[in-house]
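J.: With the hints as your guide, set chains B and C onto chain A.
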Amino acid sequence: MAIKTEPFVLNIGPVHPSTHGVFRMRATLDGEVIIDMEPIFGYLHRGIEKLAEERTYTGVIPLTDRLDYIASMSNNLAYVLAVEKLVGIPVPERAEYLRVIMAELQRIAAYLIAVGAFLNECGAFFTPFLYMFREREKIIDLFEMVSGQRLLYNYMRVGGVSQDIPEEFLPALDKFVREMPGFIDEYDRLLAENEILLARAKGVGILTKEMAINCSVSGPVLRASGVKWDIRKADPYSIYDRFEFEIPTGEVGDCYDRYRVRIEEMRQSLRIIEQAMEQIPSGTVKSEVPYLIRPPAGEAYAHIETPKGELGFYLVSDNSIAPYRCHIRAPSLMNLTVLREMVIGWKIQDAIIIFGSIDITVGEVDR
Amino acid sequence: MILALSGKEVAAQLEQQFPGSIIESSENNLLAKSESLLDIAEYLKSSPELDFDYLNYITAVDYYDYFEVVYQFTSLKHNHSLVLKTRCYDRENPTVPSIVRLYQGADFQEREIYDLMGISFNGHPNLKRIFLWEGFHGHPLRKDYL
Amino acid sequence: MEVAEPAGIYVYSDTELDRAEGEAIESLKAHCQQPIPDPDEWLEEEVRRNILLTSIDFMLNWARRSSLWPAICFPACCAFELIAANASRFDLSRFGMEILRASPRQADLMITAGTLTWKMAPQVKRIYDQMAEPKWVIAMGACGISGGIFRSSYNVVPGYNRIVPVDVYVPGCPPRPEALIYGIRMLHHKISKGRAIEG
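Note that the protein sequences, when read in sequence, are chains A, B and C. For the first sequence, the positions run 13 to 379 when the numbering used here is used. For the second sequence, the positions run 532 to 677 when the numbering used here is used. For the third sequence, the positions run 263 to 461 when the numbering used here is used.
Extracted from the complex, chain A is given alone in its bound form:
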């Protein structure tokens, strides 16, 4: 006897107990299997692109902090590189090394949250998340030494960084770099062969290579699908061509591969920081720029590899003190294009895990 069923629409609302923010999904279910899903966002749309047209070029830097608020140094770096490309300002050597150290430390801090939140959604209710936060507090202490802030640093400036590091920074960084690999190994040992993680994440939410490239996905999600594309190697910005590091890739493109890619990239970031610490020269940290920057009329696009993917700034200037148009190519928004294809055919619990493994930040999606 056949049972009459009809599709049921479930609203996974803007307020839900995951740390990714105010994101809403309207899922059409047949029983428990999702047959269609519509993402709805805009609950944090603050109009940053419009606000940037009213501020000076240096005044936009605090606004860019608030884009991907977990990885604030990377956002600053992308914007500052775009302005420098527009104007043509050289950056002193010491500032370049400091930028690389800050960007890589920020990458580790952001991956810690990504991995912790992913495991939180897999069911390990807050324990790995709090372990990650313990390590993240060490990184935040380092950032506080440098910029005075815990979360939104406003550290990079056009032509360098805003201030030099104090003397206790490099010894503290040395201590951190020596302890961190042990922590990653301990974490790996606890979780890599865990049955529940393997059952919930292996084979779930597979993203094929062709689909990933066609949907403009970038970052760890693209690398986990087997595409070896990292902007630090493909289009090196700043001084990344002086460092040796590898690009970990996955094979299948499921949630477990995305998790492993992030863990491996943390190790590579530590390698880059060690090399940068050995090579850092002394000197000034900011070149002379006028107080109000007035670039020549034109346009520029600069992109970097942030923990979420490829963040780019497209700036159009008309020779005034404020940008004419500032467009932000947000990696989280692009990565969300594949969410619908990945989720169809799975159950609601899997949908939450797939969404967590893409790792978005709503501040960046909505801008």
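It is worth saying that the hints were derived from the structure and are not from the lab. Quick caveat, the model's predicted, so the values are computed rather than measured. Check before you lean on any hint, since a few could be wrong.
[Claimed, not checked] 16 Å max Cα-Cα, derived EDC-like pairs, lysine to aspartate or glutamate:
no., chain 1, residue 1, chain 2, residue 2
1, B, LYS674, A, ASP330
2, B, LYS659, A, GLU50
3, B, LYS539, B, GLU558
4, A, LYS359, A, ASP42
5, B, LYS674, B, ASP621
6, A, LYS150, A, ASP186
7, C, LYS452, C, ASP370
8, B, LYS616, B, GLU555
9, A, LYS187, A, GLU147
10, B, LYS564, B, ASP621
11, B, LYS674, A, GLU61
12, C, LYS291, B, GLU665
13, A, LYS245, A, GLU256
14, B, LYS674, B, GLU623
15, A, LYS97, A, ASP330
16, B, LYS674, A, GLU66
17, A, LYS187, A, GLU286
18, B, LYS608, A, GLU222
19, B, LYS659, C, ASP280
20, B, LYS659, C, GLU283
21, A, LYS240, A, GLU263
22, A, LYS221, A, GLU353
23, A, LYS187, A, ASP153
24, A, LYS16, A, GLU44
25, B, LYS674, A, GLU65
26, C, LYS387, C, GLU288
27, B, LYS659, C, GLU278
28, A, LYS150, A, GLU180
29, B, LYS608, B, ASP582
T.: Same frame as chain A, now just chains B and C:
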């Protein structure tokens, strides 16, 4: 290093394929007519020596006389990139063909441009507001909003 | 390279629901142009009450302030300072607040951690209405107090006190976890001066 292809060389190739579709070309970018945009994009994607399979971004800029829609494509295999632009001079109802059938990553970006700038995309399966709510008056990113 | 067609038109992409939501937002925006006055009657002089009611007051206020359960309302960046305050370094669990209740029916404190936009405002009002009395609100961060760095934007509500009555304001962008804990202690002082039973 990603090589930014010169607009002039690609323009020469495209003029052979689709005569009359390129308005002007410079070192950095390529300006095309909006009617031939879909053909050009398909040629850029399928031709083996260009092979632009990755769409970086789509954005729109409001110069007071016209809207300019900017596309950037990258080829992951050959490691080169190209900037393509098109203009629409209609202020009330600007329309541009949509490239969602070729590059699915254009989906949310075209909806965003529709929402914030008011440019409609022909052929988009689900063109509705994405960041602001249905019933919001106006398009905020235009220069004449407030 | 052939790629499959996108999976067709959405089976359930409901423009009527979207339009209804849009109308709700527009009506809320029209009604909430003035800030709700802060509940600050507790700052007045204390009236002498008889010994039975003051002891019951004392017990109930002690019970209420010792285990405030926050509701989840995490729009933006301040959320991460709230989570850091909950984590092992600045422990909120010593104040009895380690559980972040997903369901607002089981919560009594709403810490608004992030920028409020007009699109999100009806949902926040709904969560506030679902919380049972007695309930308190802490406006955290510059965006919660007055809209912060985004005040002149077209989509940002200039402060949570347009939508819900706020008891304690914690400044900062984002406020340090120590600042948030200081704000929570101020709320404890406020609760201990409250009158649990009218009389």
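J.: None of the hints should be skipped; say for each whether it holds.
T.: Okay, the hints, checked on the actual structure:
At most 16 Å may separate the alpha-carbon atoms for a hinted pair to count; LYS674(B) and ASP330(A) meet this at roughly 14 Å. With a CA separation close to 12 Å, the supplied pair LYS659(B) and GLU50(A) stays within the 16 Å bound. Straight-line distance between C-alpha atoms of LYS539(B) and GLU558(B) comes to about 6 Å, which keeps the hinted pair within the 16 Å bound. Pair hint LYS359(A) plus ASP42(A) holds up; C-alpha atoms about 10 Å apart against a cutoff of 16 Å.
In summary, the hint linking LYS674(B) to ASP621(B) is supported, as the alpha carbons are separated by about 15 Å, within the 16 Å threshold. For the proposed pair LYS150(A) and ASP186(A), the alpha carbon gap of about 12 Å is at most 16 Å, so the pair holds. For the hint pairing LYS452(C) with ASP370(C), the CA-to-CA distance comes to about 14 Å; that is within 16 Å, so the pair holds. For the hint pairing LYS616(B) with GLU555(B), the CA-to-CA distance comes to about 10 Å; that is within 16 Å, so the pair holds.
Restraint check for LYS187(A) and GLU147(A): the C-alpha separation of about 13 Å stays at or below 16 Å, so the hint holds. Straight-line distance between C-alpha atoms of LYS564(B) and ASP621(B) comes to about 14 Å, which keeps the hinted pair within the 16 Å bound. For a cut-off of 16 Å, the pair hint linking LYS674(B) to GLU61(A) stands: about 12 Å separates their Cα positions. As the CA atoms of LYS291(C) and GLU665(B) are separated by approximately 14 Å, the hinted pair is consistent with the 16 Å bound.
Distance hint between LYS245(A) and GLU256(A) is fulfilled; the C-alpha atoms sit about 10 Å from each other, no more than 16 Å. A hinted pair counts as satisfied when its Cα atoms are at most 16 Å apart, and LYS674(B) with GLU623(B) qualifies at roughly 14 Å. The hinted pair formed by LYS97(A) and ASP330(A) meets the criterion: a straight-line CA distance of about 15 Å does not exceed 16 Å. Among the hinted pairs, LYS674(B) with GLU66(A) is consistent with the structure: their alpha-carbon atoms are about 12 Å apart, no more than 16 Å.
Taken as a hint, the LYS187(A) and GLU286(A) pair is honoured in the structure, with Cα atoms around 11 Å apart against an allowance of 16 Å. Annotation: proposed proximity of LYS608(B) to GLU222(A) holds, straight-line Cα distance about 13 Å (limit 16 Å). Under the criterion of a C-alpha separation no larger than 16 Å, the hint pairing LYS659(B) with ASP280(C) is consistent with the structure, at around 10 Å. Between LYS659(B) and GLU283(C) the alpha-carbon distance is near 14 Å, which keeps this suggested pair within the 16 Å criterion.
Between the alpha carbons of LYS240(A) and GLU263(A) the distance comes to roughly 11 Å, so the proposed pair stays at or under 16 Å and holds. Using a Cα cut-off of 16 Å, the hinted pair LYS221(A) and GLU353(A) holds, with the two alpha carbons roughly 13 Å apart. About 13 Å separates the Cα atoms of LYS187(A) and ASP153(A), which keeps this hinted pair within 16 Å; it holds. Between LYS16(A) and GLU44(A), the direct Cα distance comes to roughly 15 Å. Compliance with the 16 Å bound is thereby established for this hinted pair.
At roughly 10 Å between alpha-carbon atoms, LYS674(B) and GLU65(A) fall within 16 Å of each other, so this suggested pair holds. Between LYS387(C) and GLU288(C) the CA atoms are separated by roughly 14 Å; this keeps the pair inside 16 Å, and the hint holds. A C-alpha spacing of about 12 Å is found between LYS659(B) and GLU278(C), which places the hinted pair at or below 16 Å, so the restraint holds. Between LYS150(A) and GLU180(A), the direct Cα distance comes to roughly 14 Å. Compliance with the 16 Å bound is thereby established for this hinted pair.
A C-alpha spacing of about 8 Å is found between LYS608(B) and ASP582(B), which places the hinted pair at or below 16 Å, so the restraint holds.
This entry satisfies every hint, going by the numbered hints stated previously.
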